[in-house]
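Trainee: Taken in order, these protein sequences are the chains called A and B.
Be aware that the first sequence starts at 1, since it is given in full-length UniProt numbering, and climbs by one per residue.
Be aware that the second sequence starts at 1, since it is given in full-length UniProt numbering, and climbs by one per residue.
Don't read these hints as lab results, they were simulated from the structure.
Warning: the hint list may mix true and false statements.
[Said to hold, decoys possible] Restricting the straight-line Cα-Cα distance to at most 30 Å, the calculated cross-link-like pairs of lysine-lysine (DSSO-like) are: (1) A:Lys105 - B:Lys137; (2) A:Lys240 - A:Lys264; (3) A:Lys199 - A:Lys149; (4) A:Lys149 - A:Lys128; (5) A:Lys89 - A:Lys240; (6) A:Lys105 - A:Lys89; (7) A:Lys199 - B:Lys137; (8) A:Lys149 - A:Lys264; (9) B:Lys137 - B:Lys153; (10) A:Lys89 - B:Lys137; (11) B:Lys137 - A:Lys264; (12) A:Lys264 - A:Lys128; (13) A:Lys240 - A:Lys221; (14) A:Lys111 - A:Lys199; (15) A:Lys149 - A:Lys105; (16) A:Lys207 - B:Lys196; (17) A:Lys264 - A:Lys238; (18) B:Lys137 - A:Lys221.
[Stated by the list, open to error] Simulated DEER-style distance windows between Cβ atoms: (19) B:Leu72 - A:Arg21: 49 to 55 Å; (20) B:Phe185 - A:Gly220: 40 to 46 Å; (21) B:Leu37 - A:Gln156: 28 to 34 Å; (22) B:Ser157 - A:Ser134: 53 to 59 Å.
Virtual Cβ for every residue (Gly too), placed ideally from N, Cα, C.
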Amino acid sequence: MAEPVSVAAEYLAGSRARAARTVLGQVVLPGEELLLPEQEDAEGPGGAGERPLSLNAGARSRVRVVCGPGLRRCGDRLLVTKCGRLRHKEPGSGGGVYWVDSQQKRYVPVKGDHVIGIVTAKSGDIFKVDVGGSEPASLSYLSFEGATKRNRPNVQVGDLIYGQFVVANKDMEPEMVCIDSCGRANGMGVIGQDGLLFKVTLGLIRKLLAPDCEIIQEVGKLYPLEIVFGMNGRIWVKAKTIQQTLILANILEACEHMTSDQRKQIFSRLAES
Amino acid sequence: MEEEMHTDAKIRAEIGTGCSPRGPGCSLRHFACEQNLLSRPDGSASFLQGVAEKSRERLIRNTCEAVVLGTLHPRTSITVVLQVVSNAGSLLACCLNAACMALVDAGVPMRALFCGVTCALDSDGTLVLDPTSKQEKEARAVLTFALDSVERKLLMSSTKGLYSDSELQQCLAAAQAASQHVFRFYRESLQRRYSKS
């Protein structure tokens, strides 16, 4: 690898591109470049002059690597654009997905995400729903289960909606629906009366929605409750009494900063009282 | 170029997608004018040229614009609000560092990190990095540089006072060396933040 020979050469030591494999699980900063596995073989020791001659040179397998959130393609390398931990998932075919697990509070709409929105306006056939992004999302009244032109859904301004995005990119206004591709509600739609809506960081939501999360199981054992998680950092909770609802909201907000021991302590104390 | 340094309680830097009325080749400072202020005389006007706060805002904004990937967020404005808690010298460099950390914390996509370093040259030519307010006042020249993290390139420079070309190069080299420490500090503090989760 050619290094610029100048007075500042030693200052560039930290900015040399590293192999993505070696950085997995570590904190990466914006501006770092990562090499994909097939490139590091070519750039390994003595790569330029002594590449082993293979008989079927044209048939080198080209794995498809998916660049997830926090990474961008920069030539044939990956450029890190957000600060966080580098993660990798190996699916059946292809080279896998690389992404940066960052902690952030601001939500950016992504297609397919399930979010909780607040209806802010009703204009003709479209509801404007605030989802926490830079623009309100639009929701058509026909996108509810069993809705027809005669049979309109009962949605008022100020209602909470649980839906998913069908259109969400940087160039267009986001659009959401409350039915899945088969026309069934599948849990989506207007969220019922009462309960409490509060905001947490996006990282906490992902942690709580992970398949093996014990927090939700423990919370379920504590009180009977209804809970809805929106990928935009919003959680809606409802328990039998207002006090229980508030306790649950406080626990979930504090979960981010507690270790599992502290959490178990708090749960056992609450279970006794 | 001489500019006055004010130490006011609040600095606001706005990064919008609008363009200033002065075109790209213009090197004049910001103007503000108010007319007909006084009722008694037949005419009156007040003209304000080169307000330090506005130029500091413009410097920080230009640095952020060079580094933030604005194409990922069209039709959006990113506002950076900086509040001076205490000023012990090197104010502009401190503002730049704070702005960078805030943008990283907010999850705004960036193509590199940046940091600010201030150098002061006193009357016998000695270079002092990160000067205190007293050293800045007594210095012959004060130079502030914004450097990026990928190749220590110069993103912005703001200078006040008299210095020769070789002194400028010397200060720039010293700033590049010092920026290494700042970036190492960024890395450590971000690693500490992510190790808590």
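Trainee: Now look at each hint and say whether the structure bears it out.
Mentor: Here's how the hints hold up against the structure:
1. A:Lys105 - B:Lys137: It is violated: about 41 Å lies between the C-alpha atoms, which goes past 30 Å.
2. A:Lys240 - A:Lys264: Distance of about 22 Å is within 30 Å: holds.
3. A:Lys199 - A:Lys149: violated, 35 Å
4. A:Lys149 - A:Lys128: OK: Lys149 (chain A) and Lys128 (chain A) at ~19 Å, within 30 Å.
5. A:Lys89 - A:Lys240: Answer violated: Lys89 (chain A) to Lys240 (chain A) is near 40 Å, above 30 Å.
6. A:Lys105 - A:Lys89: holds, 24 Å
7. A:Lys199 - B:Lys137: Judged against 30 Å, a Cα distance of about 47 Å means the pair is violated.
8. A:Lys149 - A:Lys264: Status violated; Cα separation ~51 Å.
9. B:Lys137 - B:Lys153: It holds: about 28 Å lies between the C-alpha atoms, which stays within 30 Å.
10. A:Lys89 - B:Lys137: Not satisfied, since the Cα-Cα distance of roughly 56 Å exceeds 30 Å.
11. B:Lys137 - A:Lys264: violated, 57 Å
12. A:Lys264 - A:Lys128: Violated, at about 41 Å.
13. A:Lys240 - A:Lys221: holds, 14 Å
14. A:Lys111 - A:Lys199: With Cα atoms ~21 Å apart, Lys111 (chain A) and Lys199 (chain A) stay inside 30 Å; holds.
15. A:Lys149 - A:Lys105: Violated, at roughly 38 Å.
16. A:Lys207 - B:Lys196: holds, 14 Å
17. A:Lys264 - A:Lys238: Cα-Cα ~22 Å, so holds.
18. B:Lys137 - A:Lys221: Given that 30 Å is the threshold and the Cα spacing comes to 65 Å, the pair is violated.
19. B:Leu72 - A:Arg21: 49 to 55 Å: violated, 27 Å
20. B:Phe185 - A:Gly220: 40 to 46 Å: holds, 43 Å
21. B:Leu37 - A:Gln156: 28 to 34 Å: violated, 52 Å
22. B:Ser157 - A:Ser134: 53 to 59 Å: Since the Cβ atoms of Ser157 (chain B) and Ser134 (chain A) sit about 33 Å apart, the hinted range of 53 to 59 Å is violated.
The structure shown violates the earlier hints numbered 1, 3, 5, 7, 8, 10, 11, 12, 15, 18, 19, 21, 22.
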